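A.B. asks: Here is how the chains run, residue by residue.
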Amino acid sequence: MDLNIRIAGEAGQGVLTTGNVLVGALAQTGLYVLSTKSYMSRIRGGLNWFDIRIADEPLFAGRQRADLLVALTDSALDALKGHVTENSVVVHDGSRIEGVIGIDLSAVAKDAGGTDIMSNTVAAGCVFGLLGYDIDLLCDFLENRFSKDSDTAAKNASCARRGAELIGEQHRGVLRPPAPADAPCGVISGAEAIGMSAAASGIKLAASYPMSPSTGVFTVLAAAADEYGIVVEQAESEIAAINMVCGAAYAGAPAMTTTSGGGFALMCEGLSLAGIMELPAVIVLAQRPGPATGLPTRTGQEDLKFAVNGGHGEFARIVIAPGTIEQAHLLTRHAIEMAHKHQTPAIILVDQYLVDMQKNLPEADNSYRPIDRCVVEAGEGYLRYALTDSGISPRAIPGGAAPIVSDSDEHTTDGHLTEDLVVRIEQVDKRLRKLDGLLAEALAPERYGPEDAETLLICWGSAYGPAREAVDLINKQGGAVASLHFAQPHPLNIEAARRAIGSPERIVCVEGNATGQFASILRQAGVIGQCDLMSRYDGLPFTGEEIARRLDK
Amino acid sequence: MTAYQLAEADTSPAWCPGCGNFQILKTIDAALAEAGADPKQTVLVSGIGQAAKLPHYTELKYNVFNGLHGRALPAATGIKTANHALNVIITSGDGDMYGEGGNHLIHAFRRNIGVKAFVHNNQIYGLTKGQASPTSDLGLVTKIQTHGVVLQPLNPLATAIIEDCSFVARSFSGDPEHLQQMMVEAIEHEGFALLDILQPCVSFNKVNTFKWYKDRVKPIDSAHDSTDRDAALRLAMQWGQEIPIGVLYRSDRQSYEAQQSVLDKATLVEQYYAS
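Top to bottom, those sequences are chains F and Y. Note that our numbering has the first sequence beginning at 341, numbered continuously upward. Note that our numbering has the second sequence beginning at -3, numbered continuously upward.
Mixed in with the good hints there might be a few duds.
In silico lysine to aspartate or glutamate, EDC-like type, Cα no more than 20 Å apart, as pairs [said to hold, decoys possible]:
{"no.": "1", "chain 1": "Y", "residue 1": "K261", "chain 2": "F", "residue 2": "E567"}
{"no.": "2", "chain 1": "F", "residue 1": "K450", "chain 2": "F", "residue 2": "E483"}
{"no.": "3", "chain 1": "Y", "residue 1": "K36", "chain 2": "F", "residue 2": "E483"}
{"no.": "4", "chain 1": "Y", "residue 1": "K57", "chain 2": "F", "residue 2": "E885"}
These are calculated hints, taken from the structure and not from any lab test. Bear in mind that the values here come from a model prediction, so they are computed numbers and not experimental data.
I would like the entire structure built from these sequences, with the hints used as guidance.
C.D. replies: See below:
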């Protein structure tokens, strides 16, 4: 049992504020809450919407259909009328249209003693009232939110109550809301999961150039900087950012940068530098559709092959693509650990959909627990790039007994540049041996659904949630479908992938790109043969219903 | 597998006999020693180019980060931020710092992090064999600029002064005593320091030769007030018959690291396991 609430209007109208208040307050009821954002690349005007899905069981993805649409403008009502059904309820700010619940939010706000800006709170009150949830929970949430200003807090609470009374009591019962369960109260976004995990894991320098949709993670790191002891530097370019990260990593401070596809393109030479210097550079790559500027505020999974192959020359790297907010938290730490253990770049590959998603989850452990930097004290005769079986040379940092020499040129075991072509081969082989270690620790793909499923949905990254929901929807109707999610697309443990895939009758790769990039990687590795591709590249995320419907065709 | 076996590490200079880099190399060791910099606590950072190879050739053994072309500044910024107890010295050329890395230089002036940039400025591209650099004089003919350079040369020192770079100086590789003094002053300066070092390229710049520089460089009058920005700018605009060398400008702006409260108690590297 679930219900999807959509708040829609122009940028700058308070869609985000209303949405965030509702997410926070609804999470206090015990309902499972999951929100997603769809917005345009502008500060004012256009059409933005904010979806809040509520249910009596855990949620993993958004939905296209709105059961309750709160339209703040005529154009939002017009644009989204295809997203509602005959059973949906529409609340519209302003006019009186048949079949639509009209309300003048601003007038109600002022009448309740508030200001124009508190229209947002009236809207939130309307939603609570319509659904029949305890309005005190919303008022308490608002009072907490504005605890520094009791007057504002009281006015907001008054606006919320008036909204609930006016609309709620008159129209209660038009929707069948899910019953509150025992879901946790704390709400966390994908961006917070990544940023806080990085802060807790010991990232000491965050250097980035702002770029949607990665900026949220950078903002979280900035907010955490004082408490966790992080220098946050807004670099003059992505090129500067990645080189700062390389410099800090060389000097011994775990460092991270956040970017999207275009910025990652600029970072590729620096990525390659981290490869040859064997530096633990950590990159959060939050995807949006390309090429070039593409759709700046939308989502996509178009940069998998770019993340796997970006940067000139050949070197080991790890690409982690979490499927959920929980995974984003756990695997950010894992990626930072792997980068340091194997002294090579790690890319955390997410997208707008996942970084902007919010969900109520059990409180994560964000206490400061720095990962092992894997730094040694250099002794007599120390060689930074000593040849080893694992390819990992013990890493010392400047300031110790031995000088640390690192070069972007090919270098000898002591780090000085060389054109000795025997040494060259030794160093290439050494660096690539690290792939064996990375493979030995590769994350196994996660299967959801029956072992004997006829159809297997293969996905990676944020397609996890929609694929999982599709599995449940189909199997409830008597289908036999399972999903297999790869949180580590690279390096790929071919044997493990083969075993996990088994021999289903049909394989469908579900990917947010037009060309089936992961399917291609799997085929190239000989893991699968022919398969179907279910792609989406309009800039919006998959939904479970969509996958189920398209699979049925 | 067969492969060519050459000398192990290329730690003997790859420069032409008579190259100005030799004198700069010698002087860096002497200046760091005079400034009391412990080689273990010193990192030489460079990009790519003939000057950028210098860290591999020093007599004393420093820490070295020889990174990407044009990117010495951001790498040095990362190093200094991670461990601000280190002396972080950039030694790179005019192509690296004024061309490929020009954007970083502008923002280094603004950031004022305690990194010292020694720019070997020979007004030509040496490593790529003789194309114009951002500081090549108008009309200089090369194999690429076959009709002579038409791009106005960059004035790095005037740009630095306009952007309130907190230490702006020029020296000449042919005057080691002056050069050493400028390096020491730069090393001892708290914020970002730009030291432009005029240097002949014996192979590719047949105009701005050792003699050309020698005849023109002139130490700045001791009466010059280096905190006077207008006077400094006037000196920076001089080029041609007379080229002033010395400290043109300095200001006591707070350094980047001094303004990071996170760095008050210890370096990031030190506080890693503690905070």
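A.B. asks: Compare the structure with the hints numbered earlier in the document and write down the numbers of the violated ones, lowest to highest.
C.D. replies: Violated hints: 3 and 4; rest satisfied.
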